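If you're matching them up, the sequences are chains A and B in order.
Using my numbering, the first residue of the first sequence is number 15, and each one after it goes up by one.
Using my numbering, the first residue of the second sequence is number 1479, and each one after it goes up by one.
Mixed in with the good hints, there may be bad ones.
[As the list claims (entries may be wrong)] Pairs of lysine-lysine, DSS-like flavour, derived with a Cα cap of 30 angstroms:
no., chain 1, residue 1, chain 2, residue 2
1, A, Lys-102, B, Lys-1939
2, A, Lys-48, B, Lys-1733
3, A, Lys-102, B, Lys-1733
4, B, Lys-1733, B, Lys-1553
5, B, Lys-2054, A, Lys-102
6, A, Lys-102, B, Lys-2012
[Claimed, not checked] Cβ-Cβ distance ranges computed for the label pairs, FRET-style:
no., chain 1, residue 1, chain 2, residue 2, range
7, A, Gly-85, B, Ala-1994, 52 to 58 angstroms
8, A, Gln-79, B, Pro-2044, 56 to 62 angstroms
9, B, Lys-1769, A, Ser-94, 42 to 48 angstroms
10, B, Thr-1770, A, Met-52, 57 to 63 angstroms
11, A, Ser-20, B, Thr-1770, 53 to 59 angstroms
Because the hints were derived from the structure by calculation, they are not lab data.
Note that the structure is a prediction, hence the values are computed from the model and not measured.
Glycine is no exception: its CB is placed at the ideal position from the N, C-alpha and C atoms.
Listed here are the chains, written in short residue letters.
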Amino acid sequence: MEISISEQNGVQVASVTGEVDLSTSPQVREALLKELGMGKGVIVDLSGVAYIDSSGVASLVEAFQTAKSKGQGFALAQVSETPMRVLKLARLDQVFVIYETVDEAVNALA
Amino acid sequence: MNEQLELLIDMGRHYAETQDIEVTMGRALERITELMDVDGGALFVLEGGMDDGQLVCHASHGPVDIRGLSIPAGKGIVGRTVANNASETVWDAQNDPSFDKNLDKEHNFTTRSILSAPLSVKDECLGAIEVVNKSGGDGLFVAEDLQLLEALAASAALAISNARMAADVADKEVMRRELDRAGEIQRGLLPPPGDDESSIAGVNHPARVVSGDFYDFFTLYDGRIAFTLADVSGKGMNAALLMAKTASLFRCLGKEDLRPGRLLQRINAEVCETSMRGMFVTMVAGVYDPKTGRLVLANAGHEPPLLHTPDDDFLALEASAPPVGIPPELTGGGPVAEEVHHLDGGALYIFTDGATEGYIAPGEELGADGFQDMIRSGGAKGLSPQARINAIANRLSGASEALRDDVTVLVIDDAKALQERKKRADYDFEHDQQRAAPEMESPVEGPLCTLSVPARATSLKLIRQAVSNTALSCGFNNEVSQDLVLAVDEACQNVVRHAYGGREDGDMNIEIRLDASNYVVLIRDFAPAVDVSKIKPRALDDIRPGGLGVHFIREVMDDVQHMPPPDGQGNLLLLKKAI
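All chains should be modelled from the sequences, with the hints used to inform the complete structure.
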């Protein structure tokens, strides 16, 4: 699992690649919570995620709730097939704000 | 001399009644002072050696009670009597340089004259009796008085010696009985002897009442057999106690179904935690699967077990690690290395050096060759594994009065299991032929993959891979395969996070099998039992981190069951998905 951060129009974009599981999700959680203080909001690019489990989903939920409480934007972008399936199983596809592309998401949050 | 005999008989009878040597000595002194017609007397017993010991007053009669008074051996008049082992008369005590006047002053008493006689039996001096101040007549002792005291002292000494011996015998009897009981409990720690059908059997002949050797075996939940044989350094009670501890650890930790190398590592850690200084245990632990003949072995410093191959060769399997009881800091710790053997109808013999170094004739050891010969001849006679090793132990026990060392042998014989496997293979083959006839393809059943891994987050990737591979090969499509990966991952996460509570030293076993066109995953852990009633998925409209795992598992699988764990230990979860 790797996570890289870039900034676009004052929005933090976190690109996650690889497998997010019990051993790696704490890193995702930490990185997202840290970025939430940095700009207008956070976008998580899930295009490179090959696997995500409940602990990974929990990290996303926690970041989303923290963003809401701070009045910041939080969105998922380019959710690939595997993580989408997991979000659907958790019925969270209706809860998260999800964009097709990172650009769309940046435009919405900036 | 009647007085002398009477005193001896009286003391003997009195001790027999009271079993109290102190009271008997007091009574004897009282009799002596009466017979001698003196103001007082004292009986001193030598405690310790003549050079550095003390003369302690155990009985005192007269105006001054000096019981407990202790004089360095060799000091005073009584000391002189003991040192010379000879009686004497002191006519004028006040002017004898050895006389201690302080006692007189302290008790306002005047010692005029003293008779002192040793309490001696044969050449051994147990102490002395002193009497002071003749009461009657002119108050002066005469030669006959000293002769009388000598005779009475000799009787008293003999009675004391007899009583001591009796007490000693009684103590030894108590010890012997306790030892017998300890031996009985120890034998209870060993598994019962096997019958003719048993492929695993052990024998233990202790050289003394208790033993420092032990062996054990038991069947695991899936039919495999865990076994061990160990030899504690030293003999006697301390070795027996360490044996009991190690045996209990094996029983307890062995049921967690750890790999043998890991098991020995854990036992070592436990033994070292409460070390018995300088003691160690050489130990072999292993697991044998009668369904396949596969045997996994780990050896911590023990005599090399002998592998008797199907083509009648003997192979010595050397130890790869130091014995149990050597602190992990010194050896670097880590699991003991394991080796895998396929018995293929052969047998493994594990034994202590008491077996090969035992005498079969005065001064003649059985030896490694003799041991192998006995195995061969036992096999040729068609003896069962149990009878074969019994023959070895009996030969060593019968050859001399006492064994030189404990003799312990354990055998794992794969011959019967091999026959079973062949029968089953023939049966399966015939049935496969029959089944092959119809055009319908019938489902295959059996385990697809078994994993035994540490219960840690880092093990999950491996488990996911196993699920993904097996699911795809069972014909599930990509999406369902990924769902199965998620469900099993979540279930294993629960073991790591909840059952073991983040503890890192647990293990879990995952078995993936195909049963009647179901894809079945069995997840076994060895953590404390989980309260199943408390496991529920959370409501999905309750958006918060965590609690999703159980929901995923139930969403994906057709059936989720918490099974009663084998041996009542740990947890067993069954996940099922129809293919």
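Tested hints:
Proximity of A/Lys-102 to B/Lys-1939 is assessed by CA-CA distance (about 22 angstroms); at most 30 angstroms being required, the pair is judged to hold. For the hint pairing A/Lys-48 with B/Lys-1733, the CA-to-CA distance comes to about 46 angstroms; that exceeds 30 angstroms, so the pair is violated. Of the pairs offered as hints, the one joining A/Lys-102 and B/Lys-1733 is violated, with about 41 angstroms between alpha carbons and a cut-off of 30 angstroms exceeded. Proximity of B/Lys-1733 to B/Lys-1553 is assessed by CA-CA distance (about 67 angstroms); at most 30 angstroms being required, the pair is judged violated.
Between B/Lys-2054 and A/Lys-102 the CA atoms are separated by roughly 21 angstroms; this keeps the pair inside 30 angstroms, and the hint holds. Between A/Lys-102 and B/Lys-2012 the CA atoms are separated by roughly 25 angstroms; this keeps the pair inside 30 angstroms, and the hint holds. With their beta carbons about 56 angstroms apart, A/Gly-85 and B/Ala-1994 fall inside the hinted range of 52 to 58 angstroms. Between A/Gln-79 and B/Pro-2044 the C-beta distance comes to about 43 angstroms, which lies outside the given range of 56 to 62 angstroms.
At roughly 43 angstroms, the beta-carbon separation of B/Lys-1769 and A/Ser-94 lies within the given 42 to 48 angstroms, and the hint holds. For the pair B/Thr-1770 and A/Met-52, the supplied restraint of 57 to 63 angstroms holds, since their beta-carbon distance comes to about 58 angstroms. For A/Ser-20 paired with B/Thr-1770, a C-beta distance near 55 angstroms keeps the hint of 53 to 59 angstroms intact.
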